[in-house]
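Q: Going by the UniProt record's numbering, the sequence shown opens with residue 1, and the numbers climb by one from there.
Honestly, the hints are just simulated from the structure, not real lab data. Take every hint as true, because none was put in to throw you off.
Cross-link-like lysine-lysine pairs, in silico, DSBU-like; alpha carbons within 30 angstroms at most: (1) LYS74 - LYS5; (2) LYS78 - LYS5; (3) LYS5 - LYS71; (4) LYS5 - LYS77.
No experiment lies behind these values; they were computed from the predicted model shown.
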Amino acid sequence: MEENKEAYWQENLRLIFICLAIWFAVSFGLGLLLVEPLNEFRLGGYKLGFWFAQQGSIYSFLGLIFWYGAKMNKLDKKYHAED
1 MEENKEAYWQ ENLRLIFICL AIWFAVSFGL GLLLVEPLNE FRLGGYKLGF
51 WFAQQGSIYS FLGLIFWYGA KMNKLDKKYH AED
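Please put together the full structure from these sequences, using the hints given.
A: Dropping the structure here:
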């Protein structure tokens, strides 16, 4: 049983790390570091770099919340940790 808890926690930490890495890449990478090259493109009339800095990171965060929730539901079923 203890082995299952450890494996469950390791998979959970892996998902959290993936979410944080994606969120960092989108918010910091696309919103700050790559803003100038992205500003060459437009999305809805706005420069793409500006859009990522203002809206893109928020949409990415919301998408990650739903993705994490779905993955955790599968993980809970895999390890029979459902409430």
